[in-house]
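Novice: If you use the working numbering, the sequence shown corresponds to residues 1 to 201, in order.
Treat the hints with caution; some may be incorrect.
Restraint ranges, calculated between C-beta atoms of paired labels, are given here [to be verified]:
#, residue 1, residue 2, range
1, L50, N176, 32 to 42 Å
2, P25, E66, 27 to 37 Å
3, A39, S139, 28 to 38 Å
4, R191, G68, 34 to 44 Å
5, P179, R71, 13 to 23 Å
6, K187, G68, 29 to 39 Å
7, R36, A65, 30 to 40 Å
8, A39, P109, 32 to 42 Å
9, P179, S32, 12 to 22 Å
10, S49, P124, 29 to 39 Å
11, E105, A183, 33 to 43 Å
12, R119, A81, 31 to 41 Å
If you are wondering where the hints come from, they were derived from the structure by calculation, not from laboratory data. Note that the Cβ used here is the ideal one computed from N, Cα and C, for glycine as well.
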Amino acid sequence: MPFHEPPKAATKSVVVVADIFGRTPHLEECASWFARDAAPLIVDPYCGSLRSFADEAEAHAAFQAECGLERLTDVLREAVAGAAGPVDLVGFSVGAAAVWRVAAEVPGPGRAVCFYGSRIRDYPDLAPRRETLLVFPRSEPSFDVRALARSLRGRPNVRVLRTPWLHGFLNPLSVNFSPRAYARLRKVLERGKAGSLSAFL
1 MPFHEPPKAA TKSVVVVADI FGRTPHLEEC ASWFARDAAP LIVDPYCGSL
51 RSFADEAEAH AAFQAECGLE RLTDVLREAV AGAAGPVDLV GFSVGAAAVW
101 RVAAEVPGPG RAVCFYGSRI RDYPDLAPRR ETLLVFPRSE PSFDVRALAR
151 SLRGRPNVRV LRTPWLHGFL NPLSVNFSPR AYARLRKVLE RGKAGSLSAF
201 L
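Please model the complete structure; the sequences and the hints are all you need to start from.
Specialist: Right, dumping it as C-alpha cells:
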C-alpha cells in the first residue's frame, strides 16, 4: 500500500503527502515534526519505495508515468477514510495540491497545511472544509503567485502565507532548497507552534 498505517492506539492522525521525489529520509524527518503525538502516515507516488532521481526533471517524468495527481489524490482520500479520529493533512508541491482537493471534500476536525502547492492554481474555486494554511513561495516561473494568493486570501477556513523562498525550499533534493527555511520550520514545530506557522516567517 502507498501509505503506512499508524498505531491503532493513536487518537490523532497526521497524513503527509510527498512531492514528486516521493518518500525520502528528509520527508520522514519533516513528517515527524508535524506528528508530535502520533506516528505519521506518509502518502507518496511510489508505494513507499525509496527512489533516487538524477534531478527534478527525472523525478517529474517518473511521477507522471507512475502516478499523477489524480492517483495521488485518490490514495490520499483512502488514507483519510481509513484514519481514526482527527486527521491533520500536510502536503508538499503536488502533494499540497492533493491536500487542497481533499480538504475541500472532507471536513475536519483536523487542519491542512499546503507547502508551495503550485497546482492549487488549477483548482482555485475549491472551498476547504477544514482550517487550511497555504504556504506559498516568493514566486513561480509559470504563474503569478501574488495574484493567486490574493484570490484565495480571506476565504473561509483559508490562511495564506508567502515566504521569501522558492518552490521546493523544504526539500534538500530541490535546487531551491533552503537550509535556513528547513531549520526554521523544525524549530517552530518542535516548539509546538504548528497552529500558528506565521512564526515560521
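Novice: All the hints need checking, so say for each whether the structure fits it.
Specialist: Now the hints, each set against the structure:
Checked against the hint of 32 to 42 Å, the pair L50 and N176 fails, with Cβ atoms roughly 22 Å apart. A hinted range of 27 to 37 Å for the beta carbons of P25 and E66 is inconsistent with their spacing of about 20 Å. A C-beta distance of roughly 36 Å is found between A39 and S139, which places it inside the suggested range of 28 to 38 Å. A hinted range of 34 to 44 Å holds for the C-beta pair R191 and G68, which are about 37 Å apart.
Under the hint 13 to 23 Å, the C-beta atoms of P179 and R71, about 32 Å apart, miss the expected range. One distance hint, 29 to 39 Å for the beta-carbon pair K187 and G68, holds here, with the actual separation near 35 Å. Evaluation of the 30 to 40 Å hint for R36 and A65 yields a pass: the beta carbon distance comes to about 36 Å. Between A39 and P109 the Cβ separation comes to about 19 Å, which falls outside the hinted range of 32 to 42 Å.
With their beta carbons about 18 Å apart, P179 and S32 fall inside the hinted range of 12 to 22 Å. As the Cβ distance of S49 to P124 is approximately 33 Å, the hint placing it in 29 to 39 Å holds. Take E105 and A183: their Cβ atoms lie about 34 Å apart, and the range 33 to 43 Å holds. In this structure the hint that R119 and A81 lie 31 to 41 Å apart at CB is violated, the actual value being about 22 Å.
Hint compliance for this structure: hints 1, 2, 5, 8 and 12 are not met, and every other hint is.
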